[in-house]
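Protein sequence lines, in the order shown, are assigned to chains D, H and F. Going letter by letter, the first sequence gives residues 1 to 675 in full-length UniProt numbering. Going letter by letter, the second sequence gives residues 1 to 675 in full-length UniProt numbering. Going letter by letter, the third sequence gives residues 1 to 675 in full-length UniProt numbering.
Derived from the structure by calculation, the hints contain no laboratory data. Just so you know, not all the hints are guaranteed correct.
Identical chains blur together in the list; that is why a pair holds if it fits in one copy or across any two.
Calculated cross-link-like contacts (lysine to aspartate or glutamate; reagent style DMTMM-like; alpha-carbon spacing at most 25 Å) [unchecked claim]:
(1) Lys99 with Asp205
(2) Lys460 with Asp364
(3) Lys16 with Glu488
(4) Lys16 with Glu407
(5) Lys16 with Asp174
(6) Lys99 with Glu190
(7) Lys99 with Asp189
(8) Lys16 with Asp487
(9) Lys99 with Asp152
(10) Lys293 with Glu96
Owing to the predicted nature of the structure, the values given are computational and were not obtained by experimental measurement.
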Amino acid sequence: MKIPYGGDYNPEQWPKEVWDDDHRLFDEAHIDTLTVGVFTWGLTQPGPDVYDFSVLDAIIERATASGRRICLATGTGAHPAWMARAYPSVTRTDFEGRKHRFGQRHNSCPSSPDFRRFSAEVAGRIAHRYAGHPAIVAWHVGNEYGGACYCDLCAAGFRDWLRSRYGSLSALNDAWYTTFWSHTFTGWDEIEPPSALTEHWRGPDHTAFQGITLDYLRFMSDAMLTNFRDEKAAIRRSDPDTPVTTNFMGLYRPIDYHRWAADLDLVSWDNYPPDDRSAARMALAHDLMRGLKGGQPFWLMEQTPSVTACRDVNPLKRPGVMRLWSWQAVAHGADAVLFFQMRAGRGASEKYHGAVIGHAGRSDTRVFREVAALGAELAVLGPMTLGARTPARVALLFDWDSWWALEISDGPSRLVRYLDVVIAYHRALWQLGADLDVIPVTAPLDGYDVVVAPALHMVKNGLADRLAAVASGGGTVVATFLSGRVDENDNAFLSDVPGPLAALLGVRVDEQDAREESYVNPVTMNGTTFESRLLFELVLPRGAEVVGTYGADFYAGTAAVTRNTYGDGHAWYVGAGLSPEGVTHVIREVLARHGLLGPCADLPDVETAVRVTPDGERLLFVLNHGTSPVDLPDACAGTDLLSGHLVRVLGPNGVALYRDPARTPSTGGGTPARR
Amino acid sequence: MKIPYGGDYNPEQWPKEVWDDDHRLFDEAHIDTLTVGVFTWGLTQPGPDVYDFSVLDAIIERATASGRRICLATGTGAHPAWMARAYPSVTRTDFEGRKHRFGQRHNSCPSSPDFRRFSAEVAGRIAHRYAGHPAIVAWHVGNEYGGACYCDLCAAGFRDWLRSRYGSLSALNDAWYTTFWSHTFTGWDEIEPPSALTEHWRGPDHTAFQGITLDYLRFMSDAMLTNFRDEKAAIRRSDPDTPVTTNFMGLYRPIDYHRWAADLDLVSWDNYPPDDRSAARMALAHDLMRGLKGGQPFWLMEQTPSVTACRDVNPLKRPGVMRLWSWQAVAHGADAVLFFQMRAGRGASEKYHGAVIGHAGRSDTRVFREVAALGAELAVLGPMTLGARTPARVALLFDWDSWWALEISDGPSRLVRYLDVVIAYHRALWQLGADLDVIPVTAPLDGYDVVVAPALHMVKNGLADRLAAVASGGGTVVATFLSGRVDENDNAFLSDVPGPLAALLGVRVDEQDAREESYVNPVTMNGTTFESRLLFELVLPRGAEVVGTYGADFYAGTAAVTRNTYGDGHAWYVGAGLSPEGVTHVIREVLARHGLLGPCADLPDVETAVRVTPDGERLLFVLNHGTSPVDLPDACAGTDLLSGHLVRVLGPNGVALYRDPARTPSTGGGTPARR
Amino acid sequence: MKIPYGGDYNPEQWPKEVWDDDHRLFDEAHIDTLTVGVFTWGLTQPGPDVYDFSVLDAIIERATASGRRICLATGTGAHPAWMARAYPSVTRTDFEGRKHRFGQRHNSCPSSPDFRRFSAEVAGRIAHRYAGHPAIVAWHVGNEYGGACYCDLCAAGFRDWLRSRYGSLSALNDAWYTTFWSHTFTGWDEIEPPSALTEHWRGPDHTAFQGITLDYLRFMSDAMLTNFRDEKAAIRRSDPDTPVTTNFMGLYRPIDYHRWAADLDLVSWDNYPPDDRSAARMALAHDLMRGLKGGQPFWLMEQTPSVTACRDVNPLKRPGVMRLWSWQAVAHGADAVLFFQMRAGRGASEKYHGAVIGHAGRSDTRVFREVAALGAELAVLGPMTLGARTPARVALLFDWDSWWALEISDGPSRLVRYLDVVIAYHRALWQLGADLDVIPVTAPLDGYDVVVAPALHMVKNGLADRLAAVASGGGTVVATFLSGRVDENDNAFLSDVPGPLAALLGVRVDEQDAREESYVNPVTMNGTTFESRLLFELVLPRGAEVVGTYGADFYAGTAAVTRNTYGDGHAWYVGAGLSPEGVTHVIREVLARHGLLGPCADLPDVETAVRVTPDGERLLFVLNHGTSPVDLPDACAGTDLLSGHLVRVLGPNGVALYRDPARTPSTGGGTPARR
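Modelling step: build the complete structure from the supplied sequences, incorporating the hints.
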C-alpha cells in the first residue's frame with residue numbers, strides 16, 4: 001500500500017502501439033494508478049441499443065498486465081452525438097433561454113428522463129462488466145458536475161422540488177416574499193426558473209427575487225446529485241463495496257458539495273489554482289474537501305503536471321512547484337496524487353494541456369523528470385500517510401447558502417464577494433500555522449477552540465446557539481460584516497443586525513456604508529492602523545469592547561472591530577473590510593489566546609501542517625512556498641523522511657516531512673487555554 | 001396645508017400588528033402622506049375575474065384613521081403571475097428577440113390587448129371604489145414607465161403608427177433615406193422593429209438606419225403613453241378632478257416626457273442621483289421636471305432616506321444630505337417630499353434599500369432621526385412654498401429627439417453624449433446662480449433673456465427662427481458643436497453646417513475632428529487657455545467674431561468659439577468640447593451681459609434658487625453642497641425661516657431660506673441689459 | 001490611359017438636378033471613374049418578378065455623357081426588404097442561434113437557394129443589359145463579403161462540404177480527434193455548425209473542437225465564394241472579357257482570400273486603417289492584396305477622403321494624409337485610386353462618412369481641394385505606373401489557416417494574436433526598406449533570398465521541405481514561436497516541436513511559458529538586450545547556434561533566439577515574443593546578409609518602394625510618414641516626377657517619385673549575397 005500515483009489516461013485516443021510506450025514510461029515514473037474512461041460514452045455506447053466494451057477491455061487488460069490499479073469512470077461527462085440528435089431532451093437550455101444542441105461536454109440536462117435512463121444504464125453495464133476486477137480501486141461517476149439548465153423539464157422538476165420543500169403555495173409565497181412587486185403565485189405552473197427571461201438582468205447574480213434564485217441554485221445542485229445517485233445505484237447493483245466518487249472542483253459555487261458529501265464514499269477533487277500565488281487558496285480548498293466527510297482523507301483526482309490550456313494565459317509550473325503542491329495536497333489529507341493527464345491529446349481544446357508524456361513521447365523532458373522523481377519519492381514513502389487525520393482545534397465555517405445569498409443580493413455591495421472574505425480569514429489562519437477544519441454550518445462545533453465564520457450572511461437551524469456555546473465554553477468565535485442578516489429563505493431578520501448573532505457578539509449594526517475599491521478607511525487596533533475597504537458597518541457596542549475604530553468619514557472614532565466576552569470565551573465582530581494585515585492582526589490575537597500559533601507563524605511563506613496516522617503517529621509537513629531558502633525554527637527542523645537528511649534550511653519550493661512524537665500538538669506562542 | 005411628507009408604504013407585506021407601530025412612528029416623524037398600492041395588482045386581482053380589495057381597504061382605513069393623506073396607485077407597475085401564464089401576450093420581447101416569461105417588474109408589453117384591457121379594468125375598479133375618499137389626494141398610475149418591447153404586436157403597432165405619421169410608403173422611404181443599402185420598402189409588413197435581429201449591432205445605440213430607430217423610440221414612448229391614458233381614462237370615469245400622475249425618472253432617455261406632459265395633471269418624479277457629487281445634476285432634473293408643465297410645481301415622489309440597493313456599490317447618504325437634497329427639491333419647485341420607502345421590505349431585491357423604518361422597527365436610528373427632524377421642519381414651514389414659481393430669465397433647451405439622434409448616430413464620436421453636454425452647460429449656469437427653466441424646443445422663448453441650446457443636433461418646426469428672434473430682440477443664444485445637423489427625420493441638412501442656425505450664428509463648420517478622451521486641444525479665450533476634448537469643429541466665421549481659438553493641430557489658430565452680433569443680441573457658437581472651466585467662462589460672459597449672475601456666483605459649492613409664491617412673495621433658498629462652512633455674501637445672509645436665526649455662515653450641507661421682498665431679481669455683477 | 005480616379009457614386013439617393021452638379025465637380029477634380037450600383041438591388045428588382053433599370057440607365061447615361069468610366073456593381077451587398085419577408089431563407093442565423101430578419105447589409109445566408117437564385121438572376125440581367133457598354137471597365141460583385149451564418153441550410157451545406165472533404169465519417173472522426181470528449185460521430189446529421197449553442201463559449205474564438213471550428217471557417221469562406229461564382233458565371237454569360245472583381249478588406253480574418261484569388265480577374269480592396277499610425281500596416285495589406293494573384297497590380301476600391309463614421313471616434317485625415325496614403329497604395333501596386341464616396345449621403349449610418357462632395361455641395365472645402373489636387377497630379381502622371389510590378393527578393397508568408405488555428409486554440413496564450421506577430425515582422429522589414437511580397441504558403445519560394453514566416457502555426461503540404469530548400473540554396477528563413485505545431489486538421493505533430501520545421505531550424509522546443517502582458521523577460525542578442533513578452537519558448541539547440549538568451553526566470557541563460565546553418569543558408573528561430581526593437585535587430589541582420597537593406601533603412605518614418613514598369617523601367621517611391629522634414633540620402637534624392645523639382649528634403653506627408661535606371665536593386669548596407 002502506498003499513495004496511488006498516476007491519473008487520467010485516454011489510450012482510446014491512440015493507436016495500440018503507443019500503449020506499450022505509455023506503460024514503459026509509467027514504470028519509469030512509478031505510476032501505479034490510472035483513471036480510465038472518463039469521456040468514453042460515445043465509444044462504449046455507439047447507439048441507443050449498442051454497447052461495445054472492446055476498447056475498454058483492452059485498456060484495462062493492458063493496464064492490469066503491468067500491475068496498475070484503475071479508477072474506472074462511467075464516462076457520462078459528455079453524452080454521445082447520436083443521443084443529442086435522437087433524444088433532444090438530453091441537451092441543456094442555458095440561462096439566456098437558448099436550447100443547445102450537441103457540443104462541448106458536461107452538456108446534459110439533469111432533468112432529462114432520457115439522460116437519466118441512458119446514464120444509469122451505461123453505468124450499470126460498466127459496473128456489471130468490470131465489478132470484481134482486482135485492479136479496480138474506485139468508481140468515477142460523471143465528471144466535474146456543474147453548470148445549470150433552464151429547460152421546461154427543469155422547470156417542472158423545480159416545481160416538484162418546491163412542492164416538496166414548501167408543501168403549499170402559501171408557504172412558498174411567504175418564503176419568497178411575493179407581496180413585493182406583485183409576485184404572488186396562485187398556481188404552481190406560474191413559477192418559472194429564474195433566468196435572463198424572467199427574474200434576472202445583467203447575469204446570474206442579478207435577480208429581482210433572491211428567494212427564487214436561491215431555491216433554483218439549491219434545486220439544480222440537487223438535480224445533479226440525483227444524476228450521481230442514479231449512476232451510483234446502478235453501480236451498486238453489481239458492486240456493493242468499491243468506493244464510488246466523482247471529481248469535485250474545490251471552491252466551486254454552483255454545486256453545494258455539503259449536500260452531496262453523504263452520497264460519496266470517497267471525496268476526490270481537481271486542483272487547478274488560478275495562479276502560482278495560490279498556496280493558501282489551495283490549502284483552503286483541500287481543507288474544504290477534507291471537511292466534506294468529517295475529515296476523511298480525499299483523493300487529489302486531477303492536477304496538471306505543467307500547464308493548463310483553457311486560460312487566457314497559461315504559465316508553466318516552475319521547477320519544483322508540481323512536487324511542492326503535490327505534497328501540500330498530502331499534507332492536507334490527500335491519500336492519492338493523480339494528474340490530468342498521462343499523455344497529451346493530439347487535437348481539440350486540451351491538446352496544449354500539460355501531460356506527463358508529451359506529443360513526442362519523450363522521457364527526457366523537464367516535466368517527465370519531475371513526475372518520475374516525485375513517483376520515486378512516493379514509492380519510498382510507502383503507506384505512512386494513508387488514512388492520517390488532521391488534528392484541528394480551529395474550524396472555519398463554509399456555507400454555500402451564504403455564498404449564494406450574499407452574491408445574489410442587491411445591496412449593499414457587489415464588490416464584496418463571499419470567497420474573498422473567506423479566503424482573507426483563512427489566509428490569516430493558514431499563515432499563522434493553525435491546523436484547521438473547513439466545515440459546514442451543520443457540523444458539530446464542540447471539538448474546536450476557535451470557530452471563524454466569515455461573511456456568515458445566512459444563519460439558520462440553531463447555528464447561533466451552537467456558536468454561542470463555543471464562546472460560553474471558553475472558546476473564541478470570530479464573525480464579520482454582513483453576517484446574521486437573513487434566514488434560510490433570504491428574508492431579513494426582523495431584529496437588530498446581526499440578527500440571531502447579536503447577543504453573542506454584543507453589538508448592534510445601525511447601518512452599513514459601501515464604497516468603491518479605491519476608497520480606504522483606516523482602522524486602528526491596539527495602536528496600529530490598518531486599511532479597510534469596500535464595506536464599513538456602523539457598529540454600536542451593546543456589551544462588546546471596542547478593539548478597533550474607524551479613522552475617517554462621519555463615523556470616525558466609532559467601532560469597527562469589537563470583542564465581546566461571552567461566558568468564558570470571546571466573540572469578535574469585524575465590521576470593516578480589513579486589509580489582509582488587519583485580518584491577520586485579529587486572528588493572531590485569537591490564536592495566541594488559545595496557544596494555537598504554529599511554529600512558523602512568523603515565516604509568511606512557510607506552511608506547516610500536521611497529520612496524525614491511524615496508529616497515532618504525528619507527522620509534520622513543512623513547505624516553503626517562497627523563492628528564498630528559509631532557516632527553520634527548531635520545532636520544524638529534523639530528519640526529513642523524504643530525503644533522509646537533517647534539514648535546518650528549507651530551499652525554495654522545499655518540502656520536509658518529520659515524524660516526531662515529541663512535538664506537542666501546539667508549539668506556538670501564547671498560553672494554552674482551556675481544553 | 002403644507003408640503004406633503006411621507007412616501008411609499010407597503011403594509012400588505014407585513015402582518016397587521018406592525019401597522020400600528022408604523023403609524024406611531026409616522027406621527028413621530030410628521031409623516032402625513034402615504035403612497036399606497038404601487039405593486040398590488042396581484043393582490044387586488046388574484047385571477048382574471050376576481051377582485052379583492054380587502055387589504056387595500058384596510059390599509060386606507062388605517063391610514064385615514066391616523067389622519068394621513070393617500071396617493072393611491074393603480075398597481076400596474078408589474079402584472080400578476082397568473083396573467084403572464086394565461087395571457088402570454090402581456091410579457092415583453094426584448095431587444096435580442098427573446099420572449100420573456102413572468103418575472104421582475106415593468107414587464108408588460110405596451111401593445112398587448114390583454115394588458116391594455118386588464119390594466120384599464122383594474123384602474124377603473126380601484127377608482128370606482130375609492131373615488132371621493134377624502135384622504136385621496138392623487139392617483140398614481142403604473143410606475144416608472146420605461147424599457148421597450150419588440151414583439152410582433154409592437155411591430156404591428158409600429159406599422160400603424162408609421163402609417164399615421166407618413167401616410168404613404170413613399171413618404172416613409174424618403175424620410176428613412178431607404179435608397180441607402182437597398183432598404184426601399186414596398187409593403188408595410190416588410191418593416192421590422194429595429195433590434196439586434198434587424199438593424200442593430202453592438203446594442204441599442206448602433207443602428208444601420210437612424211430614421212427607423214428614431215421612430216421606434218418615438219413609437220415606444222407613445223405606446224406607453226397610451227397605457228397611461230388607458231388607465232387615466234378609466235379613473236376619470238369615476239373621479240373627474242383628483243390629479244392623476246405617474247412617477248417620472250428625471251433624465252431618463254427612453255421616454256420623451258415632453259410628449260407625455262400634457263396628459264399628466266401633476267408631474268412627479270423619483271430622484272436617485274448616481275452619487276453624492278450630483279448637486280447640479282439633480283438641479284437640472286428638477287428644472288426639467290418643473291419645465292414639463294410650464295413651470296408648474298411638481299412632486300418629489302421618491303428618494304431614498306439613506307441608501308439604494310440596486311447599485312454595485314451603495315454608499316450612505318451622509319448626515320444632513322437627505323435634508324439638503326430635500327430642500328433642494330423644494331427650492332426647484334417640489335410641492336411634496338416623499339420617500340421610497342416607509343418600512344424596509346424583508347425579502348427580494350429591495351430588502352437592503354433604505355427605508356424610514358428599518359427591519360427592527362426602531363426610531364433610534366440615525367436615519368429615522370433625520371427623517372423626523374426634516375418632518376418637524378416642514379411642519380413649521382407650513383404652506384409658504386406651495387404653488388411658488390421660479391422667476392427664470394434663462395432657458396435651457398432640452399430635446400429628447402436630439403438626445404436620441406445624437407446618440408444613435410454613426411459618427412463623428414460615440415464619446416460625445418448628449419447628457420454630458422447638457423450637464424456641462426447647465427452646471428455652469430447653476431454654479432453661476434442663474435434661475436433657469438429647462439424647456440422643450442417647442443416652448444415659447446420670448447420670456448427669456450438667455451437661451452442655451454447644448455448639442456441641439458436636430459432642428460425642426462421653426463426653432464431656428466424662434467432662436468433668431470431671441471437674439472434679434474436683444475437676448476443671447478448659446479449653441480454648441482453638433483447642432484443644426486439634421487431635420488426631424490435625422491436627415492442631414494443640404495446646406496452648410498450648422499444648417500438653419502447658420503445665419504443666426506454667423507459661422508460655417510467645414511469639418512469636425514473627433515479624438516479620444518485623452519487628447520486635449522487647448523482653446524484660448526480672452527487670454528485664458530482652457531482644455532477641450534473629444535470634438536473639435538473647424539469653424540469658419542461668416543460674420544461672427546472669433547472669441548476662442550484652437551492651440552494645436554493643423555487648425556491651430558482657427559476659430560473654436562465665436563460670437564455673432566445678431567440684431568440687438570448675441571449668438572455664441574462653441575465648436576469645441578470645452579472643459580467645465582471653459583464652458584463657465586463662456587456662460588459667465590453671457591450672464592454678466594444680462595445682469596443674471598447670482599449672488600453666490602463665486603462660491604462654487606453654494607447653490608441659490610428663488611421661488612415666487614402665488615401672492616408674489618420672493619423666497620431665496622441658499623444651499624451649501626460643500627464640506628466646509630461658507631461666509632455668505634450680504635445678499636444671501638439674513639434671518640433663516642427654517643431656524644429663525646440670523647445666518648451669515650452656512651455650514652456643510654447647510655440650508656437657509658429667506659423671505660425678502662427687498663432682494664432684487666438679479667443681484668449679480670454685470671450691468672443689467674434690456675428687459 | 002491613366003490611374004482610374006473616382007469611387008463609389010450613388011446618385012439614386014439624389015434628385016436628378018444634383019447629378020449635374022456632381023459631374024461639374026468631378027470634372028474639377030479630374031475624377032474619371034465611378035463605381036455605380038453597389039446597393040441598388042431593391043431599386044433594380046422591386047419585387048420577385050419585377051426588374052427596373054431606369055435609374056441605372058440614367059446614371060450610366062449621365063456618367064458616360066461626361067466621359068467617365070464605370071465599375072458596375074451587381075448590387076447584391078444587401079437584399080431587398082420584400083425578399084426577406086417573402087423568402088425568409090435569405091436572412092442569416094447568427095452565432096448565437098438567432099434568426100435575423102430584414103436589416104443592415106451583407107445580410108444574406110450564403111446557402112439560401114433563394115438568395116443564390118435571385119442574386120445570380122439579377123447579376124445576369126444587369127450584365128445582359130450593360131455588357132459591351134464602352135464605359136464599363138469592371139464588374140463589381142456583391143460588396144465586402146464576410147460575416148457568417150449558422151442556419152440549418154448552412155448546416156446542411158457544411159455536411160456536404162465535409163462529405164466531400166473527408167469521404168467518410170471515420171476520416172472525419174480522425175481529423176477532428178473525436179475520441180476526445182465523447183464526440184465520435186456516427187451519422188452525418190449529428191454534426192452541428194460550431195456556435196454558441198454547440199461547441200463554443202465566450203465567443204467565436206473559444207471552441208471545444210478546433211477541428212470543427214476550423215472546418216466551418218473554411219466552409220463559410222467557400223460558401224461565400226460560391227455566391228461570388230454564381231454571379232460571375234451569370235455575368236460571363238453576357239460578357240466574356242471585362243474583369244470581374246469584388247472588394248476585399250485587406251487583413252480580414254473571416255474570408256481566406258487565398259482561396260478566392262483565382263476566381264477574381266482583378267483584386268480590389270477597401271483601405272480603412274484603424275488609425276493614422278498605420279503606415280506599415282497598410283503596406284502589409286497592400287502587399288497581401290498584391291500577393292493574391294502573384295504580384296498582379298490591384299485596385300484601391302475604397303478609401304475615405306476624410307473621415308470614417310462607424311468608429312467610436314472618427315478623426316480627420318490630416319492635410320496631405322489622403323494624398324500620401326493614395327501614393328502609398330500606388331507604390332505598393334495599386335492601379336486605381338478610388339474613394340468611398342463621391343457625395344455624402346443625407347441619412348442613415350453613413351451620413352457622416354467622409355465624401356468628396358459634402359452635404360452642401362461645395363468645392364471650397366479642404367477635402368474637395370485635396371481630392372482635386374491629387375486628381376490633377378494623377379492626370380499629369382498618366383500611364384507611367386500602370387502594370388508595374390514589385391521586384392521583391394523577400395517573401396513574408398501569410399496563412400489564414402494558421403491565423404484561424406492559432407486564435408481558436410486553447411493554450412498557450414490568448415494574448416498572442418496572429419496578426420500582431422505578422423505585423424511585428426512585417427514592420428521590421430518595411431522599416432528597413434525591403435521590397436517584399438506577401439504570399440500564401442502554397443506559393444513557389446525559389447525566387448526569394450529571404451522568407452519570413454511569423455507564427456506559422458500550421459505546416460502542411462510539403463511546406464517544410466520548400467522552406468528547407470530556400471535555406472539549403474543559400475537563402476535565409478526566419479521562423480518564430482508557435483510554429484510547426486499542427487497539421488492541416490489542427491492536430492499536434494507527434495514529434496518534437498517545431499514539428500516538420502525542426503530539422504531546418506535545428507532546435508527542439510521543450511515547453512512554452514505564457515505570461516501576462518505586463519511581464520517582461522529580457523533577451524540579450526549580440527550584447528544588446530531587448531524586451532520580450534507574452535510567450536517564451538524553452539528552446540534546446542539541436543545544431544543551431546544560440547543568438548539570444550533569456551535574462552530571467554528559471555530558464556535564464558537558455559536560448560531564446562537561434563540561427564541554424566542549413567546548407568548554404570540560415571534558418572532563424574525566434575522563440576520569444578520580442579519587442580519591435582528586438583525583431584528589427586534580427587531582421588536587420590538577415591537583410592544585411594543579403595544586401596537587402598533599403599536606402600532609408602535608418603530613417604524610421606520614411607518608406608521606400610520600388611515598382612518596375614512593364615517596359616522594365618524602375619520607379620522609386622519615397623514617402624515621409626513622419627511629422628518632420630527629412631534629409632534624404634543620395635540614393636533617394638533626385639528629380640521628383642510629381643513636382644518636377646529636385647528633391648533633397650522631403651516634408652511631412654511628403655511623396656517623391658523617381659525614375660532612375662541607374663539605381664541598383666539594392667542600395668543598402670551589407671554585402672550582397674548569392675543570386
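Next item on the list: Could you figure out if lysine 99 and glutamate 190 sit no more than 25 Å apart (CA to CA) within one copy, between two copies, both or neither?
Entry: both (21 Å within a copy, 16 Å between copies)
Item checked: lysine 99 and aspartate 189: within-copy, between-copy, both or neither at 25 Å Cα -> both (20 Å within a copy, 18 Å between copies)
Margin query: If the cut is 25 Å between Cα atoms, do lysine 16 and aspartate 174 qualify within a copy, between copies, both or neither?
Written below: between (62 Å within a copy, 15 Å between copies)
Next item on the list: Since the copies are identical, ignore which copy is meant and state whether lysine 16 and glutamate 407 lie within 25 Å (CA to CA) inside a copy, between copies, both or neither.
Entry: neither (50 Å within a copy, 32 Å between copies)
Checklist line | Homo-oligomer pair classification [aspartate 152, lysine 99; C-alpha up to 25 Å] | finding: both (10 Å within a copy, 15 Å between copies)
Check: What label fits lysine 99 with aspartate 205 when the C-alpha limit is 25 Å: within, between, both, or neither?
Finding: For lysine 99 and aspartate 205, the Cα distance is within 25 Å both inside one copy (21 Å) and across copies (21 Å).
Checklist line | Homomeric proximity label, lysine 460 with aspartate 364: Cα distance no greater than 25 Å | finding: neither (56 Å within a copy, 28 Å between copies)
Checklist line | Intra- versus inter-copy proximity for aspartate 487 and lysine 16 (alpha-carbon distance at most 25 Å) | finding: between (58 Å within a copy, 21 Å between copies)
Next item on the list: If the cutoff is 25 Å on CA atoms, where do lysine 293 and glutamate 96 land: within, between, both or neither? Let me know, please.
Entry: Intra 36 Å, inter 42 Å, cutoff 25 Å: neither.
Item checked: Status of glutamate 488 relative to lysine 16 across identical chains (alpha carbons, at most 25 Å) -> For lysine 16 and glutamate 488, only the inter-copy Cα distance (24 Å) is at most 25 Å; the intra-copy one is 55 Å.
In the structure shown, a violation is registered for the earlier hints numbered 2, 4, 10, in ascending order.
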